[in-house]
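The sequence shown begins at 2 in our numbering and counts up by one.
No lab work stands behind these hints, which were simulated from the structure alone. Please note that the accuracy of each hint is not assured.
With a straight-line Cα cutoff of 20 Å, these simulated SDA-like cross-link-like pairs (lysine to any residue) come out [to be verified]: (1) K62 - L73; (2) K173 - V30; (3) K108 - Y90; (4) K27 - K5; (5) K173 - Q55; (6) K27 - P171; (7) K173 - Y93; (8) K5 - R15; (9) K27 - Y178; (10) K145 - P161; (11) K142 - F125; (12) K66 - T81; (13) K145 - T162; (14) K108 - K142; (15) K100 - T162; (16) K96 - T77.
Distance ranges between label pairs, derived from CB positions [said to hold, decoys possible]: (17) I57 - A111: 50 to 60 Å; (18) K96 - M26: 21 to 31 Å; (19) M26 - N104: 28 to 38 Å; (20) D69 - L153: 24 to 34 Å; (21) M26 - F148: 37 to 47 Å; (22) L132 - R60: 18 to 28 Å; (23) R134 - F164: 30 to 40 Å.
Please read these numbers as outputs of a predicted model, since none were measured by experiment. Even for Gly, the Cβ is constructed at its ideal location relative to N, Cα and C.
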Amino acid sequence: QISKMKHIIKILQRNMSRRSKTNDMKQLVFGKYLLLTNTVSSGLLMAIGDLAQQEIEYRQKILTKRYDWGRLLRMTIVGTTIGPVHHYYYTYLDKLLPKSDLNTVFKKMALDELVAAPLFIAMFFYGMGALERKSFQESHKELKDKFITVFLVDLCVWPPTQFINFYYIPSKYRVVYINFITMLY
2 QISKMKHIIK ILQRNMSRRS KTNDMKQLVF GKYLLLTNTV SSGLLMAIGD
52 LAQQEIEYRQ KILTKRYDWG RLLRMTIVGT TIGPVHHYYY TYLDKLLPKS
102 DLNTVFKKMA LDELVAAPLF IAMFFYGMGA LERKSFQESH KELKDKFITV
152 FLVDLCVWPP TQFINFYYIP SKYRVVYINF ITMLY
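My request is simple: use the sequences and hints to build the entire structure.
Below, the structure written as structure tokens:
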């Protein structure tokens, strides 16, 4: 009887030790190294999203090659570049508007659509243009030509996404959540 009890106690201690290690890792990833987490997840999830998009385009016969590795690299670089901007933007927004009541959530959503969305759309087009070796004028023309369409799609996706983000998601998980939705977007 006592040996069974000792065995059960050892198993429980081992499991508690694993949980402690998991909690320690979570503290590092979403605490001390949050900027790194947000940056890496932005680049990685942008890459995964582009791989999925390329697979769809290949199956629809839009692409003749299954994967364009240069495009994938460019998307990863743009995602990795935007990650720190997301990190500091959402950190600032939470300091500017620290509450999570409905009134504050709607203010954050308005700022996100009126300030952040145009900024991030422009960053994407200028960043991709630079990596594709386009001139500033070419990138600017592409942004002008596509901005309204992209912004209208943005208005369909991001307000409900940001409502969930600002109302339900703790601050330290906001950017990873946004990165995940961006991957699907």
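Going through the hints against the structure:
Between K62 and L73 the alpha-carbon distance is near 18 Å, which keeps this suggested pair within the 20 Å criterion. Between K173 and V30 the CA atoms are separated by roughly 10 Å; this keeps the pair inside 20 Å, and the hint holds. Under the criterion of a C-alpha separation no larger than 20 Å, the hint pairing K108 with Y90 is consistent with the structure, at around 15 Å. Between K27 and K5 the alpha-carbon distance is near 33 Å, which puts this suggested pair outside the 20 Å criterion.
Straight-line distance between C-alpha atoms of K173 and Q55 comes to about 31 Å, which puts the hinted pair past the 20 Å bound. Of the supplied pair hints, the one linking K27 and P171 holds, its CA atoms being roughly 14 Å apart against a limit of 20 Å. A threshold of 20 Å between alpha carbons decides the hint, and for K173 with Y93 the separation of about 12 Å falls inside it, so the pair holds. Annotation: proposed proximity of K5 to R15 holds, straight-line Cα distance about 15 Å (limit 20 Å).
Restraint check for K27 and Y178: the C-alpha separation of about 15 Å stays at or below 20 Å, so the hint holds. Among the hinted pairs, K145 with P161 is inconsistent with the structure: their alpha-carbon atoms are about 26 Å apart, more than 20 Å. A threshold of 20 Å between alpha carbons decides the hint, and for K142 with F125 the separation of about 13 Å falls inside it, so the pair holds. In summary, the hint linking K66 to T81 is not supported, as the alpha carbons are separated by about 25 Å, beyond the 20 Å threshold.
A hinted pair counts as satisfied when its Cα atoms are at most 20 Å apart, and K145 with T162 does not qualify at roughly 25 Å. Between K108 and K142 the alpha-carbon distance is near 31 Å, which puts this suggested pair outside the 20 Å criterion. For the hint linking K100 to T162, the alpha-carbon distance of about 18 Å falls within 20 Å, and the restraint holds. For a cut-off of 20 Å, the pair hint linking K96 to T77 is broken: about 29 Å separates their Cα positions.
At roughly 33 Å, the beta carbons of I57 and A111 sit outside the given window of 50 to 60 Å. Checked against the hint of 21 to 31 Å, the C-beta distance between K96 and M26 comes to roughly 27 Å, which is consistent with it. Our hint of 28 to 38 Å for M26 and N104 holds, since their Cβ atoms are close to 36 Å apart. Between D69 and L153 the beta carbon distance is about 27 Å. The supplied range of 24 to 34 Å therefore holds.
Taken as a hint, the range 37 to 47 Å holds for the pair M26 and F148, whose Cβ atoms sit roughly 41 Å apart. Taken as a hint, the range 18 to 28 Å holds for the pair L132 and R60, whose Cβ atoms sit roughly 26 Å apart. At about 39 Å, the beta-carbon gap between R134 and F164 stays in the expected band of 30 to 40 Å.
Hints 4, 5, 10, 12, 13, 14, 16 and 17 from the list above are not met by this structure, while the remaining hints are.
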